[in-house]
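Chemist: One letter stands for each residue in the lines below.
Protein chains: 2
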Amino acid sequence: MTADILIRNVRPFGGQLSDLYIRDGWFAERGRQKAAVEIDGGGQIALPGLVEAHTHLDKTLVGMDWFENRVGPTRNERILADRRAKRELGIDARRQSMRQIMQTLAFGVMHVRSHVDVDTEIGIANIEGVVETRDKVKDLVDVQIVAFPQSGMLVREGTLALMEEAIKAGADIVGGIDPASIDRDPVRHLDAIFSLADRYQKPIDIHLHEPGDLGAFCLELILERTRALSLQGKVMVSHAYCLGMLDPQRQRSLIDALAAERIAVMTVGSPSAPALPLRVLLQSGVVMASGSDGIQGTWEPWGNGDMLERAKYLAQRNGMTNDADLKETAGICTFGGAEGIGLTHYGLLEGCRGDLVLVPARTLAEAVALTPQKRTVIRRGQVVARDGMLCGGPQHIG
Amino acid sequence: MTADILIRNVRPFGGQLSDLYIRDGWFAERGRQKAAVEIDGGGQIALPGLVEAHTHLDKTLVGMDWFENRVGPTRNERILADRRAKRELGIDARRQSMRQIMQTLAFGVMHVRSHVDVDTEIGIANIEGVVETRDKVKDLVDVQIVAFPQSGMLVREGTLALMEEAIKAGADIVGGIDPASIDRDPVRHLDAIFSLADRYQKPIDIHLHEPGDLGAFCLELILERTRALSLQGKVMVSHAYCLGMLDPQRQRSLIDALAAERIAVMTVGSPSAPALPLRVLLQSGVVMASGSDGIQGTWEPWGNGDMLERAKYLAQRNGMTNDADLKETAGICTFGGAEGIGLTHYGLLEGCRGDLVLVPARTLAEAVALTPQKRTVIRRGQVVARDGMLCGGPQHIG
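The listed protein sequences derive, respectively, from chains H and G. Per our numbering, the first sequence runs over residues 13 to 410. Per our numbering, the second sequence runs over residues 13 to 410.
Any given hint might turn out to be false.
Put simply, identical chains are the same to the list, so a pair is met inside one copy or across any two.
[Said to hold, decoys possible] Taking lysine to any residue pairs in the SDA-like style, the calculated list, with each CA pair at most 25 angstroms apart, reads:
(1) Lys386 / Leu402
(2) Lys339 / Leu73
(3) Lys386 / Val74
(4) Lys339 / Val74
(5) Lys386 / Pro372
(6) Lys339 / Arg82
(7) Lys339 / Arg87
(8) Lys339 / Ala271
(9) Lys386 / Gln115
(10) Lys386 / Cys403
(11) Lys150 / Val74
(12) Lys150 / Cys403
(13) Lys339 / Ser284
(14) Lys339 / Pro85
(15) Lys339 / Arg90
Keep in mind the hints are simulated off the structure, nothing from the lab.
The whole structure should be built from the sequences, with the hints applied where relevant.
Modeler: Take a look at the structure:
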């Protein structure tokens, strides 16, 4: 049980100045007694814990030697380079996942969904590494693990069995990837992962880079299976570039169907991939989440995992420059992500978990546009980072 | 005359470890005498002064109250909002240009080309303000001023005469904007600015947002006039989105013509505007420069003016993730920009001006991908910023 904490003078999600109170790790009505701990927020913006809905904790090279990237531009070249790097660089999934999680906790990221590779070379070693990290950090950060067949599933004999092993070893979610262009058989790929999810009562999260009408067809197959197995609210489609490549009418009908089946869409707002119709998706009621994807890995050399900066990228990619726009993209990186990955008791209201981030900015829009770094991070009523630096020292850094 | 300075153990543009020597403000061969000042670079990356080839110093709101952006999405709505903000917020061009320049000097930006508004409401007041700043900072930063008819030129009677006044008041370059879609008469618009440039022997820098074939037509008119007046190497086209919207053959022939007339192209790599074919432009020998455009203004709420971060954005927008790619985009923000805005004696070789930035990174690619902030900035042999903080205090901050 933690001490009560009163956080004065903050603007919850950019709203009116108010005080927030956390008792026993939960937002609560303020009692008559003086709180054990008081913080003056000085007008800062208070956000609920930032939600990283899509990353690859087992692939970051943070803290390792510089990786000289000479990789070709195609997805297959990148998958090959990625597999080679795992062998040759000795990327330790346990250590690297811990490094990324600690780096992003200082930004206020307290909920992380990570895809973790499962393949016939490494088996479920990466799953085991990230499970270890997940257990170690559970008081600080919620980690969800997706068993992810990065190198293909049906095309690599034995991968599906490993996916099942991964679930038994502690993976929370069944992953999938490009049922047509990588796995070469959309129906069998989707049947396999939906069946696995159904058997173990797990949610699903599918990487879908398939372009245009091919992607739309795969989305239809996903919709059919979600409906058939009553998995509404349990399926996320990551990237879904095809939604930005269709004629408006077809786009519209697919988006309406996604909203109806409560299938969430995750976009990182990549500047070089097709832009999703973000406004249409939001207005149609599709649950939108976002993520950093891999940070500082063999795929891309950049990225810091700051989900407030991600809200800026989403706005920039979509030409959204209004204060109201930035509130929308901040929403994607908090409430949208929380709903997309199935968090409960999320938010700044009484009855929610006592997690929040204080951002030194005058308005929510300024917080998104300038992403100030000197944040205060409070987890379950305890201050875990001040001025953008983790408190408590290196005992967590595994 | 400044003291000699020896900078040991640095990697010029990411190359082999070496020492750099600056005598009397110029890179020089190292003499036998001990240098008055010695710095150990500790293996950091040395870059020549970063080049900001396109910004709007008179429009930034840095350090002012938060501007709540409720502006509509069209260019005309934004131009109107921009003009209203100048009236209502009392943006002081002298003070604001100084703030931006000092902020970006700490990143290592030592060469700035700024478009500065000229219109029938403010006249040349903004030009005068930025001229004052330019004179004040001349030992620290080179500032070039473009007389910029943001609100239109022919469509606003009297603007052309003000442009000429702006040149007489110290503007270095003749600007232009969307000859067709804003000024409604591409031939007369371009004839007017080319004639003004010819009369005063000034370079030209044109904002060209015109899309597709309309933009291509305007580019042809610009090419014809550049050829007719022998202005090769004196013309820059800013944005030039149309280059990313044409069929490959038409794109190719225009790009070859731009290279032949040595017309430079400036792109900010905006995530929401059409992407230019960066690789084709570079391979074709077109001089490529980049800039931040407006930072923290009424157009867009974000931006810090760091031209090393800009190199990252350019790579991200174009899906360039290789170390070699990042060297190319770093080149655009240094050598390309320098050539585009007509700097001489630029670079890290003997005989060049003694300007450099030390970036704490292991490779040039890491410097671009992670944009470390704790840089050392040396101008004409004198350290003007350490650890990303300006030395010398507030006497420069106007």
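Chemist: First find the shortest C-alpha distance between Lys339 and Val74 inside one copy, then the shortest across copies, and answer within, between, both or neither for a cut-off of 25 angstroms.
Modeler: For Lys339 and Val74, only the inter-copy Cα distance (21 angstroms) is at most 25 angstroms; the intra-copy one is 30 angstroms.
Chemist: Have a look at Lys150 and Val74 and pick one of within, between, both or neither, based on CA distance no larger than 25 angstroms.
Modeler: Only inside one copy: Lys150 and Val74 sit 21 angstroms apart there, 40 angstroms across copies, limit 25 angstroms.
Chemist: For Lys339 vs Ala271, is the C-alpha pair at or below 25 angstroms within one copy, between two copies, both, or neither?
Modeler: within (21 angstroms within a copy, 43 angstroms between copies)
Chemist: Can you give me the call for Lys386 and Gln115, within, between, both or neither, at a CA distance of at most 25 angstroms?
Modeler: both (13 angstroms within a copy, 18 angstroms between copies)
Chemist: At most 25 angstroms between alpha carbons: which applies to Lys386 and Pro372, within, between, both or neither?
Modeler: This pair counts as both: shortest intra-copy Cα distance 7 angstroms, inter-copy 21 angstroms.
Chemist: Pop the pair Lys339 and Leu73 into one bin, within, between, both or neither, using alpha-carbon distances up to 25 angstroms.
Modeler: Classified as between: cross-chain Cα gap 20 angstroms, same-chain 32 angstroms, threshold 25 angstroms.
Chemist: Should Lys386 paired with Cys403 be assigned to within, between, both, or neither, using CA atoms and 25 angstroms as the limit?
Modeler: Close inside one copy (13 angstroms) and across copies (23 angstroms); limit 25 angstroms.
Chemist: Go through the copies and call it for Lys339 and Arg87: within, between, both or neither, with a Cα cutoff of 25 angstroms.
Modeler: Between copies only: 22 angstroms across, 33 angstroms inside.
Chemist: Given identical chains, is Lys339 near Ser284, meaning Cα to Cα at most 25 angstroms, within a copy, between copies, both, or neither?
Modeler: Answer is both: 24 angstroms inside a copy and 18 angstroms across each meet the 25 angstroms cutoff.
Chemist: Up to 25 angstroms between alpha-carbons, please classify Lys150 paired with Cys403: within, between, both or neither.
Modeler: Within one copy only: 16 angstroms inside a chain, 44 angstroms across chains, cut-off 25 angstroms.
Chemist: At most 25 angstroms between C-alpha atoms: does Lys339 with Arg90 qualify within a copy, between copies, both, or neither?
Modeler: between (35 angstroms within a copy, 20 angstroms between copies)
Chemist: With identical chains, the pair Lys386 and Val74 could be close in the same copy or across copies; at 25 angstroms between alpha carbons, which is it: within, between, both, or neither?
Modeler: both (21 angstroms within a copy, 18 angstroms between copies)
In this structure, every one of the numbered hints holds.
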